[in-house]
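Chains R and V are the protein sequences, given in the same order. For the first sequence, counting from 1, position 177 maps to 177 in UniProt numbering; every step adds exactly one. For the second sequence, counting from 1, position 108 maps to 108 in UniProt numbering; every step adds exactly one.
Don't read these hints as lab results, they were simulated from the structure. Any given hint might turn out to be false.
Using C-beta positions, here's what the derived DEER-type ranges look like [to be verified]:
1. G60(R) with A379(V): 44 to 54 Å
2. L277(R) with K95(V): 20 to 30 Å
3. Y264(R) with S374(V): 56 to 66 Å
4. Q296(V) with L105(R): 23 to 33 Å
5. E129(R) with A379(V): 44 to 54 Å
6. V161(R) with K247(V): 37 to 47 Å
Where a beta carbon is used, it is the ideal one built from N, C-alpha and C, also for glycine.
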Amino acid sequence: MDFSTVLIQTMNGLQYGLLLFLIASGLTLIFGIMQIINLAHGALYMVGAYLAFWLTALTGNLFLAILLGLPLAALLGVLIERFLMQALYRRDHLDQVLMTFGMILVIDSLRSIAWGNDVHSVAIPALLEGSIQLTETLEYPVYRLFISAVCGLIALAMYGVLQRTRLGIVIRGGASNREMVQGLGINIRVIYSLVFAAGTALTAFAGMIAAPVSSVYPGMGNQILIIAFVVVVIGGLGSIRGAFLAALLVGLTATWGAVLVPEYAGMAIYLLMAVVLLFKPRGLFA
Amino acid sequence: MNNYKKIASTLGSAALTLALFGNVQAADPVKVGLLLPYTGTYAALGEAITNGMKMAIEQQGGQLGGRAVEYVSVDSEANPGKAVPNMQKLVDGAKVDVVVGPVHSGVGMGAVKVARDSGVPLIIPNAGFNAATGPLCAPNIFRTSFTSWQTAYPMGQVAADKGYKNIVTVAWRYGFGTESVEGFKEGFEKAGGTVSKEIYVPFPDVEFQSQLTEIAALKPDAVFVFFAGGGAAKFVQDYAAAGLQGKIPLLGSGFLTEGTLAAQGQAAEGVLTTLHYADSLDTEQNRSFRDAYRQQFGKEADIYAVQGFDTGLLLAQSLQQVAGNTEDRNAWIAAMSQAHIASPRGDWSFSKAHNPVQNVYLREVRDGANQVASIAATALADPAPGCKLQ
């Protein structure tokens with residue numbers, strides 16, 4: 001294997017990792033702050049992709065579709081939080097798992113009714129259509145680099161909001177001591193609504209921006225859900241920084257696993273998780 | 001005395017009931033159990049098979065051997081873990097006369113097991129795992145679709161004829177993927193080629209960048225792949241985006257470009273595949289089938305609709321021959337194994353292992369459609385290794 005291949009494979013891994021971060025960030029936000037195990041996360045990712053497909057077909061532009069789709073996704077998050085989640089805050093995790101698993105089935109059926117069961121694709125916006133010649137035979141699509149850049153920016157923005165703003169303090173406070181935050185006269189319900197809406201919007205955004213490279217098809221969220229949980233668990237529940245690092249680790253492990261030990265590539269990321277949990281039972285940054 | 005009367009009248013009414021029941025049974029509908037996915041990744045396939053089958057039966061007068069038809073559907077969810085209980089629901093619960101299904105080969109394993117144990121006729125309208133008409137074949141198990149081997153083996157000769165010497169394969173690591181690669185490899189090596197590397201991707205992963213980088217570094221004469229559905233759409237797009245389209249020819253089993261061409265767009269142009277059907281087959285049967293399907297369901301028929309249609313034809317033809325008698329299973333099974341199906345894919349009949357002996361077509365994607373380039377193999381029968389029926 002020559003040096004350029006090593007570089008390219010590493011870049012593949014980082015790029016995959018950044019996309020995984022975007023998908024996992026919404027999950028870790030909801031999980032870490034609200035202690036809700038949201039199994040419907042993958043289904044919401046799929047909703048995002050289908051929104052991108054549907055709105056791009058209507059408007060003819062992916063960016064316009066994302067602008068229109070994000071408020072819709074956030075609204076969906078608010079509605080789910082208000083009517084389904086609020087009843088579950090005082091229940092244990094099993095009830096949440098049941099509810100959110102049920103949501104997977106409902107969302108999937110609604111998707112089937114609204115958009116059918118066919119495989120679709122979303123065109124890459126003309127602006128980002130080109131690719132960069134890497135080797136004699138291999139090119140790298142500009143759009144993939146664009147996704148990486150967006151994922152990186154979102155990671156920074158999330159970190160900034162949570163660590164450097166007043167809202168971030170309240171959210172983190174709500175995560176560690178709900179009663180105390182309420183005692184300080186802050187309406188925790190609004191905060192929870194906001195966090196859930198943000199988590200949903202992030203997930204849907206991941207689905208939208210990934211749609212041109214991932215294709216849009218039924219069940220696309222299920223596989224993603226498992227990997228997203230692996231990322232969240234490795235990173236440490238609720239830690240954005242942990243999720244970021246874990247996503248890059250998982251991306252690199254999956255890519256290099258496929259190159260070096262193709263027979264065991266499917267196991268590689270789970271082995272990584274097992275090893276991390278062996279030494280850090282609460283994840284990297286819990 | 002009184003007691004005796006009571007018993008007599010009870011017996012009388014029982015006899016009457018039996019007689020009535022017997023009469024009713026003669027006119028009872030044929031119960032067709034459907035074990036197909038109606039939700040999840042394969043929902044579109046389950047729907048197309050159901051549509052095609054019902055359309056065939058309606059075209060034959062809506063009856064099977066003079067009896068009405070009752071459908072009992074169970075959503076298989078393409079979930080192998082539920083295959084056996086779902087199958088039992090149909091066989092023991094609903095007491096169906098025949099089961100049509102499944103789509104997914106993993107579910108197929110469970111369905112075949114129950115069919116072998118219970119003796120209920122099973123007609124597989126898709127699942128292509130070789131074993132169903134190989135080591136696990138049985139008199140009551142029929143398949144109206146294909147084996148993985150059939151859809152991949154002919155491509156080996158095609159690739160050799162194109163002058164390719166060195167080919168890399170990429171496929172999902174699960175039954176259908178590995179069987180397709182093995183079929184292709186057998187054909188290609190027999191024709192003098194070499195498969196220099198077999199790359200497998202965990203099923204159902206759709207992240208292909210590292211494999212594409214590897215292909216670009218290996219620079220083979222061509223690449224043979226097996227993917228289907230969303231994975232196929234994504235692989236073909238990624239292949240083009242990586243700049244490999246047009247540089248290294250892409251070959252595949254036909255499922256690479258079935259139901260995914262609209263999503264693949266320009267990226268699929270020039271892809272060569274082998275399959276037992278192509279939308280563009282220029283035969284009277286195919287044209288009238290496609291017109292009728294379009295008219296009835298408002299969308300284009302696909303390979304799955306064809307396989308469902310042929311399943312309906314098989315049921316109609318065989319039950320016609322035994323005058324609707326589903327009780328005498330041996331006679332019915334004999335009628336099925338003798339069937340000649342005038343299918344949109346071309347006429348076919350069953351091999352001794354109960355898999356279609358059929359043409360396999362070489363198709364090339366041109367202008368967003370699978371155009372038939374030639375017949376890659378005429379009346380190809382699966383060798384069915386391990387089947388005791390032959």
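Here's how the hints hold up against the structure:
1. G60(R) with A379(V): 44 to 54 Å: 48 Å, holds
2. L277(R) with K95(V): 20 to 30 Å: Cβ of L277(R) to Cβ of K95(V): about 50 Å, so the range 20 to 30 Å is violated.
3. Y264(R) with S374(V): 56 to 66 Å: Because 40 Å falls outside the window, the suggested range is violated.
4. Q296(V) with L105(R): 23 to 33 Å: Taking Cβ atoms as reference, Q296(V) and L105(R) lie about 29 Å apart, which means the hint holds.
5. E129(R) with A379(V): 44 to 54 Å: 46 Å, holds
6. V161(R) with K247(V): 37 to 47 Å: 45 Å, holds
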